[in-house]
Every structure is written in structure tokens, then in C-alpha cells.
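S.K.: Spelled out from the first residue to the last, the chains are:
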Amino acid sequence: MKPTTYTILGLLAFYAVVMVTSAVGLMNDYILRVINLMMINIILGVSLNLINGYTGLFSVGHAGFMIVGGYVAGFMTTLLFGITKDTPYWEALPMFLVAILAAALVSALVGFIIGLPVLRLTDDYLAIVTIGFGEIIRVIFNFITFKKKVGNWELDIGGPRGLLGIPPLSNFTVIFLFTLFTVIFIRNFVFSRHGRACIAIRENEVAAHMMGIPITRYKVLAFVLGSTFAGIGGALLAHFIQLLHPTMGGFMKSVEYLIIVYLGGMGSISGTIVAAAALTGLSELLRPIGELRMVLYGALLVVLMLKRPGGLMGQREFPFLLPERERKIYALQNR
Amino acid sequence: MLFKIVNLTHFFGGLKAVDDFNIEIGPRQIIGLIGPNGAGKTTVFNLVTGFYKPTMGKVFFQDEEITGLPPHVITSKGIVRTFQNIRLFNNMTVLENVTIARHYRMQYGITSAVGRFPSFHREEHEVEEKALEYLSIFHLDSKIHQPAGSLPYGQQRRLEIARALATEPKLLLLDEPAAGMNNAEALELMHLIKKIAEEFRLSILLIEHQMPVVMGIAERIHVLDFGKTIAVGPPEEIKNNPKVIEAYLGEGALQ
Amino acid sequence: METFLSQLIFGLQRGTIYALIALGYTMVYGVVRLINFAYGEVFMIGAFVSFFLVNAVSLPQPILVVLALLVPMVTCSLLGLAMDALAYRPLRQKPRLAALITAIGVSFFLSNFVSYSSGETVRSSAVASFLLAGFLILYVLGVKVLNFPVKATPNFKPIKFLIPTVSLLLIGYIFWISKDLLTELRWKGSSFASYPVDRLIVIEKIPLYKSVYITNIQIMNFVVSVLLMVVLSYLVNRTMTGMAMRASKNNKDAVALMGVNVNRIISVTFIIGTALAGAAGVLSAITYPRLTAFMGVQPGLKAFIAAVLGGIGSIEGAMLGGIIMGVAEQFAIGLLPSSYGPSRIDFTPLADGVAFAILIVVLLLRPQGIFGEPPREKL
Ligand SMILES: Nc1ncnc2c1ncn2[C@@H]1O[C@H](COP(=O)(O)OP(=O)(O)O)[C@@H](O)[C@H]1O
Ligand SMILES: [Mg+2]
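Protein chains in written order, with our numbering: chain D, 4 to 338; chain H, 105 to 359; chain Y, 106 to 484.
The reader is advised that the hints may include incorrect statements.
To be verified - For lysine-lysine, the following DSSO-like pairs were computed, each having C-alpha atoms within a straight-line distance of at most 30 Å:
1) D:310 to Y:199
2) Y:354 to H:120
3) H:234 to D:5
4) Y:357 to D:256
5) H:234 to H:299
6) H:299 to H:343
7) H:108 to H:162
8) D:331 to H:298
9) H:247 to Y:354
10) H:332 to H:298
11) H:157 to H:234
12) H:108 to H:120
13) Y:357 to H:157
14) H:108 to D:331
15) Y:354 to H:157
16) H:181 to H:157
17) Y:315 to D:310
18) Y:199 to H:120
19) Y:357 to Y:199
20) D:310 to Y:357
21) H:181 to H:234
22) H:157 to D:5
23) H:299 to H:274
Everything labelled a hint here was simulated from the structure, so no lab data went into it.
Working from the sequences, and respecting the hints, build out all of it.
M.R.: Here it is, written out as C-alpha cells:
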């Protein structure tokens, strides 16, 4: 059997175990919830790693793109399509997929509009512009309110109270498939001439430019791709936790994604997956200590940079995540 | 004429780093550019390859004006350079460093990359073969999967030249390729440069700080001092030119 | 005309606060090319230190006003020193990204620390600070504590321990006086505190022209900021340290070669920048008395944008940028329809977007800002 086969079997087994245990009632709802959140965080972490890890940019507004996707998809399913809790799932699903696609496209567009002017300049500006973006998104979503008819009532939704009543359309299967799609997409991108171009820019921008790589185009590409997947993650998250709040797009949330990337390792998909899962689990465990968790996160970021700037995995990958050729090279390197 | 620079001038603030520089390079010529430290040699390279925009003057390549084009476009036209201070992609493997140079010659798009379509596999296979050819010329083929940053200094220098060659340039600009090498190593490198120039039908503009090294291979030498061209001619003439000797003595006095 | 004038006065006041914070950004960026994201948090801490002090001590009014401004400035500069020494200095030779990430971490840590704080945690922090200070003192006196060996290195200078010890004592003291207050106020970081302005100053409106007036708080605000900026200009233009600071902007290596201790220059830059941010926090608290742990995020961001607008690295630029930013924002607030107007929808929150719009325009048209030099070529 080829090694890739093992990876596929492993994924199928994971999927089957979760499905079977929840079908026969062995799976605790809470644990399933945590697993789903882990996978959504993997989508956000891996996509941010493409921007900050592989390409060496510094976006601090990933949550902003996430919430743009969330709001776009949420508006569409609740207002445009009028999906409620009672809509049969198979009827709602195609509309949900359309909404996710729209979320991805809008996030991509916003990423492009922001990235194009800023990425021509020194790297610092991206940080400040993306922080500003997160804050401005919050202001805008705080501002957008509208009326919605539910039964005989007209409700004010949106605004500072957030978007409520989003139908629970993200189930384990949907999230699992999108996570898989994201990881495979970004892995295949990274291990191609395009990904190599991004890494070369991170390693030495001047030399990359001289070797014929259009650096601004690739920076924008990486930024837009990362933002697109953030939008997808946001759409999934919105339809999983069933509500959106303007503050979810702000600086605080973005820092959580930064920690996932830098804890896992800049330029390691495997590291990001481990860190996303670990931090999601950890924050559930740390829920009793409340805000202290945030204090610890801030300290963690500082200590990480001082003591272990490479994160857990550096730039290494688990062999089973690598494409075939890279896996062979990995075997040669580690003989 | 393959390559021509006309009246090139560049200011850094009030400092005239390059002052009315002119040069013509024909096909398969090796030309030397020498001068004491700070004479403006590297700045000429930076101007030609699009990292700086010249204050004045024009650059032509194959009868087309290329002044002020961005570096990646310059590369695709057929001019490439190495750097005085080595600039490798340190965390990438030796092989990847060279495949990057083939980037702009590859075709497959993002869809093919993500979907792993046949064009992806075909081109990736081709690029690896090609990269290995270049690496074997420079005797680096036993180290292809090592991170470039882990190579010893001399090999890093050679990798940089291999990487530049892999873009298949018509004009190669080498910025002090023998810097930090002892005399024997430097001479060996010069033989290699001469060999590849013949093999790949290249023109080379070579900056070298140490005069004896460049004397052996250049058919003509331009000498810069404080941005000005103080002498042009074949090596024997330059060797005995009093102005050149003075410029180098002046530097010697400073050191 | 009258609305224009009143808006201008309010705008200038807003602007001086932004300018004070922007100065810190621009000075540190000029010397170490680091965006110290934590200035917004320093601003917030300045406001809180003043808040605790004014609540905790009763002194004659003029003395209290001076202390309410000076103590936060001193505390904040100690904080700035600590930030630099612990978080940024070790990373100076590393890629710039690492320091940038650290700065985000520091900022996140500080705001959440305040947000988390309560009577209990503050008391433990006070005890910890005192213990640490005591430990340092014993260390200097050569007493062996907990088997911790005292190094008798030849260049051991007790004076080096003076600043950390004093700062720990001061911070411990501030924690200590604030702990009872926190308990008394049933303070929870996530809530907000009201700055007791009336203990410092009784608001008076002084008519200027028809219905246009200026308050004594605004006057105080202008006087203090102008004074601080004059002192700053003197420091930067007339003292040796200031000259070294300006020289470091162009070429750090050359300055180091001339025998100047670059790390000391950087420390001084941090001290000045954080002191100004602390002062801005106090001035802001007197004008907008509602304090929260996250009150620094927005002003910090806007002040940075002001610094970019003025030309990052340029001191005059930061002052001018701050003023422009404050005035622009105030006019936006004035011009946007509010909930009292005919539309019944409150558009004023959108004024927060003005800063962002300015940023985008600057980056598109003149990325180096008003007074900035064009970006240095990369090679
Ligand atoms: N980016 C720059 N900004 C300002 N001055 C520069 C810059 N690059 C080079 N210089 C100055 O231009 C002159 C020529 O430098 P350079 O071309 O590197 O000399 P060479 O390569 O001949 O040793 C020197 O005086 C150097 O200090
Ligand atoms: Mg040079």
C-alpha cells in the first residue's frame, strides 16, 4: 500500500468513528462541539499561516475577514433565503453552499482591495492596516441594522446585538469536508511553484525579485487566498454557533489566530493543525478561569517569540501530510 | 549590440554615486568593472536590474530600452545578477533555490497546482531535471536536499551563480563573486566562470575588487572611482594606467 | 461659524491627545523601526494610575493635579523601560517580524491584565512586587536568599539594581493603594470606572465669542500638551542624548561606532514616549472620564495613523498628524447626522472610520506621510 493510502484510511476512520459514535449516542455533544470548533480553527489557522507563515507577511486582521464571511453568509441564509431552524436540511444545504461561496468571494474581494495598495509598501503597514480593518469592520457591523419578520413580529436584528437566529447548518460532515478541502488546497499550493515563490519572498525578498518573481503579485495572491479561506471559516462558524457579534471580528480574536500560527510554527501546516486543536481544547479546559486565559495568551505570544520563535514544529511537517515527492525527500533528509 | 548603458547617473540625496557611466557589451564578451570600495560599482548593477530608478540615463538591452523596469521583468528579458553579500533562500533546499529561478519559465497555474493536474507533474519533473543539470556543473549535486543556509561559504557563492544561470540569461552580472575567497579559490572560480561563459554563450559583466583576478578573464575593463569612469581598456593598459594606480593607492593609504 | 469654532476647539483637544501618543510611536519607530503596538495600553494604564491615585489620596487641589499627572508619567516610563528590556531588546538582532509579534503580545497582555484585575489579583500583584523588590535589596546587600548564590563579579554595580528596585516598590505601592479601592468599588476589569474629575477641577465654561466657549479643562489640556512638546523639542534638539537619538535614526551603526551606547538611547526613547502616552491618558481621562481596560485600543491605533500621516519617524509630523486627525474626526462627528437629527439613525459611530479613511488615502497618495522622507532603497 502506498503511504497516501494510510492517510486516506486514517481520515475515513476518524470520520466514521465520529459519525457512528454520535449516531448510537456514544458521542458526547460537548465533545463533538469541541471537535467542530477545532476544525474551524484549523481552517482559520492554516489560512493565516499562508499569509504570515509562508509568505512572511504580518496580517493582524484575520478575524476581520472571518467575520465578513460570517456576516455575508449569515445575511444570505437568514434574510435572502429565509432559512430557519425548521427548514429541512436537504433543502437548506444547497443554499448554504451558495452562501459559503458568496462569503468566500466577498472576503477575497475585501482582501484584494486592502492588499493591493498596502502590500506595495513596507511590511509594517499591513499590520496597522489590518488592525484598523478589524476595528472598522466592527464599527460597520455595529451600525448595520435592519428589520426582519419572524412570524407576526418585526424584529430589529444586526447592530450591536449582533446577528441572531442563524440556522445551524454547519454540521460535522460539512465542517469536516471544508477543513479537508482547505488543508489539501493550501498544502498543494504551498508545495508548488506558486508556494515556492511565496516562501522565497519570505526568505529573501530582493533575491526573489531578481529571480523573476513578481513579488507584489504573490503577496497579494497569498493575502487574498488566506482571506478567502478566513471567509469560509467565518461562514461555517456563523452557522455553527448560530450567532455573530461585531466584536468577533476585532483585534482580540485575531490575536487568537496569530497564536495558533506562531505556536504551531510559521510555515508548518502540521504545526498549525496541532496548535489549533490544542488551543481550542485548552481554552475549553481554561473556561473556568475566564479572562485570565487572555492574559496568558498575551504572555504566551511574548515568551514564544523570545524563547522559541520557530514554534512547536518550526517549518517541518508530519510525513503523512506531505505530498509524495516531498515525503521521499523527507525520508532522504532524515536517513 | 547586446547591451548598452548611456549617460547613467544616480544620486543618493546629495551624493553622486554614479556619474555619467557608459558601456557597451557585445554577445559573448566578458567585461570587468573595477574600482575601490564605494566607487559605485554595485549601484550600477542596482540601476541596471531595476532595484533603483536612475536619476538620469538609459539602459538598452537587445535594442529595447529597459530603464526602470522592475527586477522580475529585467530577469525575464535575459539579464540576471548575483549579489555582493550572498542572498540565498537559506531555509529552502539547494534544489529549491535553483528551481525558483525557473519559476518564470513554468506555465502551470494555481488550479493545476492545487488539483495536481498532469501539467503540474510534468513541469515539476522537468524543472527538477533542469535544476540538477545546473547544480552538477557547480559540483553541488550531492547536497541538493540540504538547506542552502547550511552550506559552507564557497559553496553558497557557487550556488548563487548556479541559481542565476538557471534563469537562462544572456547577460550575467556578477558582483564580487570571489569576495572572501583566497587566491587559489578565486582563480579556480574564474576558470569556472570562463568555462560557463563559453558553454552557455553568455556575456558577463564582472565586478571584482581584486585586480589580478579580473585581469585574467576580462577582455576589457572599466574603472570607476567616486562614481566617475577614470579608465577603459584592455587589462594590460589598465594595469599600467597611472590614474588607476593612484585610485587604488589612495585606498591603500586609507586602510 | 460658531459651530465651526466650537468643533475646532474640541477637535484640537482631541488632536493634542493623539499627538502625544503619536510622538511615542514615531520616536521609537525612528530609532528601532518597531511599531510598539502597546502604546495604546500605556495610555490606558496612565489613565488608571491617575484614577487610583486621585481616589486614594487626599491632598490640596493644586498638588493633587500635579501629582495626578506626574505619577502616571513616571509609572508609564518605568513600564516602557521594562517593556523594552524584557520584550524588545532581546529580539533586536532577530528578524523584525519577531519584535512586531511580541509588541502585539505585550499589548494584548496589558489590556487583558487590567481587564482581569480585581481587588484580589491586585493585592497578590502588590505582594509579589514587594517580595521581588525585597529580594533585590537583599541581593544587593549580599544576603544569601533561598540558596540563591550571590555573584561577586568584578563589574557588579549595586546602582544597576536601583531602578528595578525602585520601580518594583512604586508599582507595588500603586497596586497596594488600588487594591482596597478596587474592592470598595467592586471593580471588575470588564466594567468601567468613572474618573473623579471633580476632585481635581471644577468645570467652568469660559465664553469666547457668541455661543463659543472653552472649558478650563480644555485650557489645561492645551497648556500641558504644549508644555510637554516644548520640553520634548528641547530634549531632542538641544541635548546630547537627543542629538544621538536623531543620529540613530539615520545610521545606528555609525552612532555606535562613535562610542554612544545605542541601547541607552533606545531606553531613553522608550521612557519619553511612554511618559507622553501616560500624560495623554490622564488628559483624556479628565475629558472623557469613562475608563475601561480596552480604552487604549482605538486611540492607540488612531495615534499610529496620525504618526503615519505626519511621516513616521518625524517628530513635527507626529504633532501635526495628531492635530489633523483629531480635528478631522471631530468635524466628522459634527457633520454626521446623529439620532437627534431628522434621520433618527445615529451615524456618529462611523466617525471612527475617519482615521481609517485617512490611512488608506495616505498610503495611496503619499506613503511616507507629510514630513517623511521617501522610503530608503532596500539594498
Ligand atoms: N541605498 C543607498 N543609500 C545611500 N547611499 C548609498 C546607497 N547605496 C550605496 N550608497 C553609497 O553610494 C556609493 C557607492 O556605493 P556602491 O555602489 O555600493 O560601491 P561599490 O560597490 O563600488 O563598493 C557609496 O558611497 C555608498 O555609501
Ligand atoms: Mg559593491
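S.K.: Would you mind marking each hint as holding or not holding in the structure?
M.R.: Against the structure, the hints come out as follows:
1. D:310 to Y:199: 12 Å, holds
2. Y:354 to H:120: At roughly 22 Å apart (the allowed maximum being 30 Å), residue 120 (chain H) and residue 354 (chain Y) satisfy the hint.
3. H:234 to D:5: Within the cut-off at roughly 28 Å; holds.
4. Y:357 to D:256: 36 Å, violated
5. H:234 to H:299: 19 Å, holds
6. H:299 to H:343: Roughly 24 Å between the alpha carbons, so the hint for residue 299 (chain H) and residue 343 (chain H) holds.
7. H:108 to H:162: 8 Å, holds
8. D:331 to H:298: 37 Å, violated
9. H:247 to Y:354: 42 Å, violated
10. H:332 to H:298: Since the Cα atoms of residue 332 (chain H) and residue 298 (chain H) sit roughly 28 Å apart, the hinted pair holds (cutoff 30 Å).
11. H:157 to H:234: 33 Å, violated
12. H:108 to H:120: 21 Å, holds
13. Y:357 to H:157: 26 Å, holds
14. H:108 to D:331: 47 Å, violated
15. Y:354 to H:157: 24 Å, holds
16. H:181 to H:157: Measuring from Cα to Cα gives roughly 17 Å; hence the hint holds.
17. Y:315 to D:310: Answer violated: residue 315 (chain Y) to residue 310 (chain D) is near 63 Å, above 30 Å.
18. Y:199 to H:120: 33 Å, violated
19. Y:357 to Y:199: 16 Å, holds
20. D:310 to Y:357: 26 Å, holds
21. H:181 to H:234: With Cα atoms ~20 Å apart, residue 181 (chain H) and residue 234 (chain H) stay inside 30 Å; holds.
22. H:157 to D:5: Violated, at about 54 Å.
23. H:299 to H:274: OK: residue 299 (chain H) and residue 274 (chain H) at ~15 Å, within 30 Å.
Of the numbered hints listed earlier, those contradicted by the structure are 4, 8, 9, 11, 14, 17, 18 and 22.
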